[in-house]
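Same order as they appear, the protein sequences are chains A and B.
Quick note on the numbering used here: the first sequence kicks off at 1 and runs consecutively.
Quick note on the numbering used here: the second sequence kicks off at 1 and runs consecutively.
You may find that some hints are simply not true.
Computed footprint of chain B on chain A; a stretch qualifies when at least three of its residues, placed anywhere within it, have a C-beta under 8 Å from a C-beta of chain B [as the list claims (entries may be wrong)]:
| hint | region |
| --- | --- |
| 1 | 4–15 |
| 2 | 24–36 |
Facing chain A, from chain B, some residues (calculated, C-beta under 7 Å) [unchecked claim]:
| hint | residue |
| --- | --- |
| 3 | Ile47 |
| 4 | Ala110 |
| 5 | Met112 |
| 6 | Tyr141 |
Keep in mind that the hints were calculated from the coordinates and are not lab data.
Idealized CB from N, CA, C, for every residue including glycine.
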Amino acid sequence: MTLRELADLLEAEVISGEQHLDEEFKCAGASDLMSDVLAFGESGVVLLTGLANTQSIRTADIIEAKAIVYVRGKKPNKEGIALAQERDIPILSTRFFMYKACGLLYSRKVSGVRNQ
Amino acid sequence: MVSRHDLSHAFRIKGRNFSKAGSVSIDIKEILRELGIDPAIVRRAAIAAYEAEMNVVMYADKGEMILRLNPKAIRITLEDEGPGIEDIEMAMQEGYSTATEEIREMGFGAGMGLPNIKKNADVFELKSTVGKGTSYNIIIYLNSTGKT
Chain A
1 MTLRELADLL EAEVISGEQH LDEEFKCAGA SDLMSDVLAF GESGVVLLTG LANTQSIRTA
61 DIIEAKAIVY VRGKKPNKEG IALAQERDIP ILSTRFFMYK ACGLLYSRKV SGVRNQ
Chain B
1 MVSRHDLSHA FRIKGRNFSK AGSVSIDIKE ILRELGIDPA IVRRAAIAAY EAEMNVVMYA
61 DKGEMILRLN PKAIRITLED EGPGIEDIEM AMQEGYSTAT EEIREMGFGA GMGLPNIKKN
121 ADVFELKSTV GKGTSYNIII YLNSTGKT
């Protein structure tokens with residue numbers, strides 16, 4: 001699935017990284033705990049999270065995530081958006097809750113991270 | 001471009017400076033990536049550095065992280081000044097944490113940090129003196145395939 005298809009499926013707003021929307025992603029993972037993301041995330045993952053601080057962007061950067069999708073309509077502040085742009089990490093925001101966002105992706109056969 | 005044979009770079013980390021937390025590890029990741037090191041090895045080093053950096057930001061007053069590289073390995077050392085760790089054996093167990101509510105709200109403090117450094121490193125040595133600080137020695141071999 002491409003990031004554009006993901007954005008359509010989750011009715012998500014693309015906050016930054018428009019130029020990457022036609023790229024494919026490998027798998028998806030969801031957590032508000034960055035400790036868990038660091039321990040179990042894998043490169044190429046799309047991270048779904050409700051944690052919209054700068055740490056979510058730095059964590060995604062460290063694990064080489066493909067993109068971040070913020071759930072429940074959350075968005076990072078200006079500083080976070082600037083950081084995502086600087087680090088070239090696409091960020092999207094969906095009004096859906098975590099459960100529904102994950103359910104929609106799962107129903108389209110998007111796989112989870114390998115460790116699951 | 002920095003030579004692989006003589007790289008040594010020191011970074012200062014300030015305790016409780018959450019807005020900058022993680023930036024040193026991202027610099028380390030970029031340095032290693034630009035040197036053309038295997039992305040899987042870079043990723044392991046970046047994760048280990050980030051977990052260690054976050055520990056300084058969350059618990060210590062300040063710290064100095066040094067990245068060294070030789071033709072065989074990446075070595076990351078960190079010395080912090082802070083409360084130290086009372087029980088290293090407990091701290092190395094997944095899920096054990098002394099994090100405050102503020103730290104948990106940042107998405108950290110789940111008791112995964114030190115075990116995750118161990119998972120990503122080929123060698124991980126941790127020494128701590130209560131009331132003084134903690135030192136980390138992390139080695140990742142360039143020809144290793146990782147333990148995960």
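These are the hints, each one checked on the structure:
Residues of the region 4–15 of chain A with a Cβ under 8 Å from some Cβ of chain B number 0, which does not satisfy the need for three, so the listed coverage is violated. With 5 residues bearing a CB less than 8 Å from a CB of chain B, the region 24–36 of chain A meets the requirement of three and the coverage assertion stands. Of the supplied interface hints, the one on Ile47 (chain B) holds, with its beta-carbon coming within about 6 Å of a beta-carbon of chain A, less than 7 Å. Interface hint status for Ala110 (chain B): upheld, as the beta-carbon distance to the closest one in chain A is roughly 4 Å, under 7 Å.
A cut of 7 Å between beta carbons decides the hint on Met112 (chain B): the least distance to chain A is about 4 Å, and the hint holds. A hinted interface residue such as Tyr141 (chain B) counts as satisfied when its beta carbon comes closer than 7 Å to some beta carbon of chain A; here the least separation is about 20 Å, so the hint is violated.
Checked against the numbered hints given earlier, this structure breaks hints 1 and 6; the rest are met.
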